[in-house]
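My request is simple: use the sequences and hints to build the entire structure.
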Amino acid sequence: MPGITREEVAHLARLARLELRDEELDHFAGQLDDIIGAVARVSEVADQDVPPTSHPLPLTNVMRADEVRPSLTPEQALSGAPAQEQQRFKVPQILGED
Amino acid sequence: MTVTTDLVSYEDALASYDPVMGLEVHVELGTKTKMFCGCSTALGAEPNTQTCPTCLGMPGSLPVMNRTGVESAIKIGLALNCEIAEWCRFARKNYFYPDMPKNFQTSQYDEPIAFNGYLDVQLEDGEVFRVEIERAHMEEDTGKSTHVGGATGRIHGASHSLLDYNRAGIPLIEIVTKPIVGAGERAPEVAKAYVAELRELIKALGVSEARMEMGQMRCDVNLSLRPNGTEKFGTRSETKNVNSLRSVERAARFEIQRHAAVLSSGETIVQETRHFHEDTGSTTSGRVKEEAEDYRYFPEPDLVPVAPAREWVEELRAGLPELPRVRRNRLREEWGISAHDMQSILNAGAIGAIAATIDAGADSTAARKWWMGELARHANESGRAIDELPITPEQVARVAALVSAGDLNDKLARQVIVGVLAGEGTPDEVVEKRGLKVVSDEGALTTAVEEAIAGNPAIADKIRGGKVAAAGALVGAVMKATRGQADAARVKELILEKLGVEG
Amino acid sequence: MTDNSNVNIIRLTAAEIAQKIAAGELTAVEVTEAHLARIGAVDEKVHAFLHVDREGALAQARAVDEKRAKGEKLGPLAGVPLALKDIFTTEGIPTTVGSKILEGWIPPYDATLTKKLKAADVVILGKTNMDEFAMGSSTENSAYGPTGNPWDLTRIPGGSGGGSSAALASFQAPLAIGTDTGGSIRQPAAVTGTVGVKPTYGGVSRFGMVAFSSSLDQGGPCARTVLDAALLHETIAGHDPLDSTSIDAPVPPVVDAARNGSVAGMRVGVVKQFRGEGYQAGVVQRFDEAVALLKELGAEIVELDCPSFDLALSAYYLIAPSECSSNLARFDAMRYGLRVGDDGTHSAEDVTALTRAEGFGDEVKRRIMLGTYALSSGYYDAYYGSAQKVRTLITKDFEKSFEKVDVIVSPTTPTTAFPIGERADDPMAMYLADLCTIPTNLAGNAAMSLPCGLAPEDNLPVGLQIIAPAMKDDRLYKVGAAVEAAFVEKWGHPLIEEAPSL
Ligand SMILES: [Mg+2]
Ligand SMILES: [Zn+2]
Chain V
1 MPGITREEVA HLARLARLEL RDEELDHFAG QLDDIIGAVA RVSEVADQDV
51 PPTSHPLPLT NVMRADEVRP SLTPEQALSG APAQEQQRFK VPQILGED
Chain P
1 MTVTTDLVSY EDALASYDPV MGLEVHVELG TKTKMFCGCS TALGAEPNTQ
51 TCPTCLGMPG SLPVMNRTGV ESAIKIGLAL NCEIAEWCRF ARKNYFYPDM
101 PKNFQTSQYD EPIAFNGYLD VQLEDGEVFR VEIERAHMEE DTGKSTHVGG
151 ATGRIHGASH SLLDYNRAGI PLIEIVTKPI VGAGERAPEV AKAYVAELRE
201 LIKALGVSEA RMEMGQMRCD VNLSLRPNGT EKFGTRSETK NVNSLRSVER
251 AARFEIQRHA AVLSSGETIV QETRHFHEDT GSTTSGRVKE EAEDYRYFPE
301 PDLVPVAPAR EWVEELRAGL PELPRVRRNR LREEWGISAH DMQSILNAGA
351 IGAIAATIDA GADSTAARKW WMGELARHAN ESGRAIDELP ITPEQVARVA
401 ALVSAGDLND KLARQVIVGV LAGEGTPDEV VEKRGLKVVS DEGALTTAVE
451 EAIAGNPAIA DKIRGGKVAA AGALVGAVMK ATRGQADAAR VKELILEKLG
501 VEG
Chain X
1 MTDNSNVNII RLTAAEIAQK IAAGELTAVE VTEAHLARIG AVDEKVHAFL
51 HVDREGALAQ ARAVDEKRAK GEKLGPLAGV PLALKDIFTT EGIPTTVGSK
101 ILEGWIPPYD ATLTKKLKAA DVVILGKTNM DEFAMGSSTE NSAYGPTGNP
151 WDLTRIPGGS GGGSSAALAS FQAPLAIGTD TGGSIRQPAA VTGTVGVKPT
201 YGGVSRFGMV AFSSSLDQGG PCARTVLDAA LLHETIAGHD PLDSTSIDAP
251 VPPVVDAARN GSVAGMRVGV VKQFRGEGYQ AGVVQRFDEA VALLKELGAE
301 IVELDCPSFD LALSAYYLIA PSECSSNLAR FDAMRYGLRV GDDGTHSAED
351 VTALTRAEGF GDEVKRRIML GTYALSSGYY DAYYGSAQKV RTLITKDFEK
401 SFEKVDVIVS PTTPTTAFPI GERADDPMAM YLADLCTIPT NLAGNAAMSL
451 PCGLAPEDNL PVGLQIIAPA MKDDRLYKVG AAVEAAFVEK WGHPLIEEAP
501 SL
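Chains as they are written, first to last, in the working numbering: chain V, 1 to 98; chain P, 1 to 503; chain X, 1 to 502.
Source of the hints: derived by calculation from the structure; they are not laboratory data. Here a beta-carbon is modelled for each residue, glycine too, at the ideal position from N, C-alpha and C. You can take every hint at face value.
Output of the computed footprint for chain V on chain P, the stretches with three or more beta carbons under 8 angstroms from beta carbons of chain V: (1) 29-38; (2) 43-57; (3) 60-70; (4) 89-102.
Structure below.
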């Protein structure tokens with residue numbers, strides 16, 4: 001298994017929205033490399049013809065009726081908001097699509 | 001923002017290139033509650049009044065599937081001639097965006113509930129084009145952001161944004177076509193006809209009102225060109241969230257012209273999202289996909305698989321309503337009209353209203369006349385869908401009945417309709433309040449006719465001389481004198497009678 | 001009542017407290033006050049609680065006393081104090097999950113488990129310390145400082161539910177709630193000489209339990225005796241329509257089983273893979289003695305081979321981080337919790353990244369990045385996909401085993417409590433603490449840890465793990481009660497009485 005590079009860790013941090021300092025990147029790169037080296041053993045079974053288990057219980061079709069339940073009040077909904085305005089969550093400027 | 005884009009003419013583009021399209025349509029279902037929680041989906045609520053821990057993505061909250069949402073997805077799949085999965089799951093599509101509370105969208109990924117179908121769409125000239133369906137899958141909508149501080153609510157230059165999560169979690173069905181090839185120059189028309197047909201179908205199923213202007217149905221147009229005679233698809237652009245039928249057609253057309261210009265100048269197409277602008281009919285560049293998005297899909301562990309029992313699927317299939325194209329063909333025969341006329345009615349969105357008016361007792365000619373004439377005009381002027389006008393098919397049928405009974409002429413009937421639309425009451429109440437009865441008092445009419453003849457001796461002589469067509473002028477004079485409240489046909493009879501001419 | 005000193009009240013079992021309140025020998029307020037006093041006296045040293053809800057607890061206790069005065073029927077745990085792991089939402093009471101990112105967050109809703117406790121008239125004393133987002137085996141990863149092990153305050157109380165286990169072992173509460181994703185109920189129970197049960201996955205609602213790894217997380221009871229654990233199990237278990245993965249079937253008869261402990265005629269499995277390198281000598285010794293005891297009590301011992309268990313730890317450290325990387329994405333500084341860097345110069349995207357960098361501790365960041373990696377396109381099949389196959393193999397090994405045996409036993413942890421700080425920056429060493437507990441989480445079945453003695457070399461508690469098939473949680477209690485009774489008889493008293501008085 002290939003090891004994980006510092007650049008890859010930086011990429012992961014970006015994907016995961018973690019603003020890491022350089023020394024943190026170095027620190028994590030070493031640790032993640034160790035961990036991945038250890039857990040990579042699972043790929044021993046990669047070519048085995050075994051169905052994957054995503055759910056521990058074989059349940060299917062758990063659904064609810066389309067009936068309205070009480071919502072939170074807007075005060076409750078916004079009670080933890082770091083900032084609010086006009087009964088809406090106030091967030092910094094959003095980059096991205098225009 | 002003025003962006004000039006090089007274009008070649010549509011004809012030139014098609015002379016060299018063959019368009020390939022992919023259409024992705026998102027439909028917001030009309031369920032009472034959201035896909036994964038019991039919050040109401042009713043429109044027009046105050047911000048953040050229809051939210052709960054689940055649709056706000058609060059710590060500890062969990063989703064539970066809405067059975068009606070799943071059922072609607074199966075119905076859509078069946079109506080699109082799809083196979084329905086025996087077993088499928090939701091997945092998490094991971095990416096950060098403030099309008100998405102959990103920062104993943106609960107969506108189906110490689111296991112859609114419906115797949116491998118088709119929809120036959122009829123073009124304006126009656127030609128039927130088969131659009132192959134890749135899949136229809138379930139997912140959830142995002143919240144709504146308002147950008148503050150920039151120009152006209154745009155994200156660009158905004159100082160901050162405000163989020164309302166009432167819409168977050170409303171069930172969406174995403175319907176994806178296979179690449180549409182072979183449409184040639186008719187590609188934009190096919191795109192429009194497909195979305196129109198899909199909309200009719202969704203409405204007929206009763207799973208959504210599919211109102212595009214309200215964002216309940218939105219279309220992404222993927223388009224690429226390949227040189228004529230070649231097989232390999234070109235690089236595509238994705239024009240996002242096009243929200244009217246006309247725009248779908250225009251966006252496809254614009255992109256064909258733009259791609260052709262880029263390609264024929266020897267440049268390459270950038271794979272990117274684009275935005276369509278209603279005002280100019282053009283698209284502009286959105287986000288360039290530098291690297292393929294890594295959504296890190298994996299099966300949603302908080303939901304269990306959906307395994308629709310075959311009996312349930314068959315029950316739903318048996319309960320499907322008559323599908324729009326079948327129904328249209330039946331009605332066209334019943335009404336005895338041409339394919340072209342039916343197409344116009346379809347384009348106007350008036351099929352349901354006309355059929356209901358006929359069911360309420362009107363004859364088909366009258367029903368079509370009122371809806372496609374007076375009411376279509378009102379809808380157009382008020383920017384509303386025709387079936388959202390504040391008049392019922394029963395009321396239109398009543399107006400038609402008053403006309404055929406001779407109580408109203410067309411001109412008065414139009415005034416009655418205006419009155420009903422203005423909220424003045426039922427047709428009978430409007431007739432009453434506005435005093436719109438046809439003058440049927442023969443004495444008064446006779447006097448008016450005599451006065452008209454006396455006042456227009458030259459015309460009277462022409463009529464006597466056999467020019468019956470000249471009677472129109474005298475009828476006009478009588479109508480004017482009676483302020484339109486006379487029955488024009490009866491007036492003409494009286495004039496000819498007085499002048500001793502056979503009608 | 002003349003001898004109602006606080007010392008006596010806090011050493012009662014939950015069953016005894018409930019019985020005395022019902023009989024009018026104690027009031028719920030007296031009981032609550034005694035425990036609040038104990039918290040006041042020792043928690044500065046132990047640091048089991050992140051938040052003590054003095055007023056709420058007393059109000060709930062008064063309500064119980066009023067109910068009794070009116071002659072209303074009381075439930076089996078009415079008036080019994082409980083320490084709630086700070087991972088379950090509590091309306092109006094802070095819920096931090098041991099993280100800075102949720103510091104000061106007051107949930108607007110109660111978890112289903114919280115609701116059930118309130119409905120059963122259990123008195124919630126407060127919220128207990130834990131490894132941040134339940135990621136850890138020592139409670140050192142709490143953003144609010146570590147918790148001490150009441151047996152030796154310089155050692156870890158286990159994790160992630162170290163606050164709950166320490167609260168029990170220091171007599172600050174007779175009952176506690178834990179959650180177990182890879183062993184976070186059982187491992188703390190083992191190293192503090194208490195009892196902890198991970199119910200069958202889906203047995204206890206996860207609604208309102210802040211998610212770490214959705215397909216593994218399971219809330220469960222913690223107590224000082226098997227019967228108390230059973231009484232709490234019955235109170236919190238059962239179907240919840242708000243949790244799609246909740247089992248819609250009757251709760252197994254755990255209380256009945258706990259009252260009728262026996263192993264006579266039972267087949268008990270011992271798995272080859274649960275010993276060897278990394279196991280402390282005293283742990284192995286006490287475990288072997290427990291197996292001998294089971295045999296004495298009439299059980300038949302069966303050797304089992306579960307080869308896939310060797311891959312369990314690896315599979316776990318791919319599945320749990322993958323799910324957590326997604327579950328924790330919601331902590332983005334937009335709707336609740338910490339927000340850093342919102343000074344008008346940073347975009348929402350920046351603020352999210354700055355906040356997460358400051359709000360999450362190192363272990364959380366490590367696991368988020370590990371999970372992000374394992375789910376990335378190109379790695380998914382090798383890592384996440386393979387880990388799910390391992391999960392299938394482990395489930396099959398359990399299935400085959402349970403054709404031959406009724407329950408499986410093992411040491412709960414390879415070692416006794418280690419010193420605080422010893423493994424703090426060595427994640428792989430830390431992860432080994434969950435070697436024996438993880439297979440059960442991956443398979444979704446039920447398991448218990450109960451004390452089986454002190455390791456001779458360090459005089460610290462050793463845990464015996466009992467594993468039962470899914471939905472057969474009652475077997476844990478039947479076996480656990482028999483073992484507990486035999487040990488108490490052998491030792492002359494419950495093991496917990498040997499804990500220092502602080
Ligand atoms: Mg989608
Ligand atoms: Zn909701």
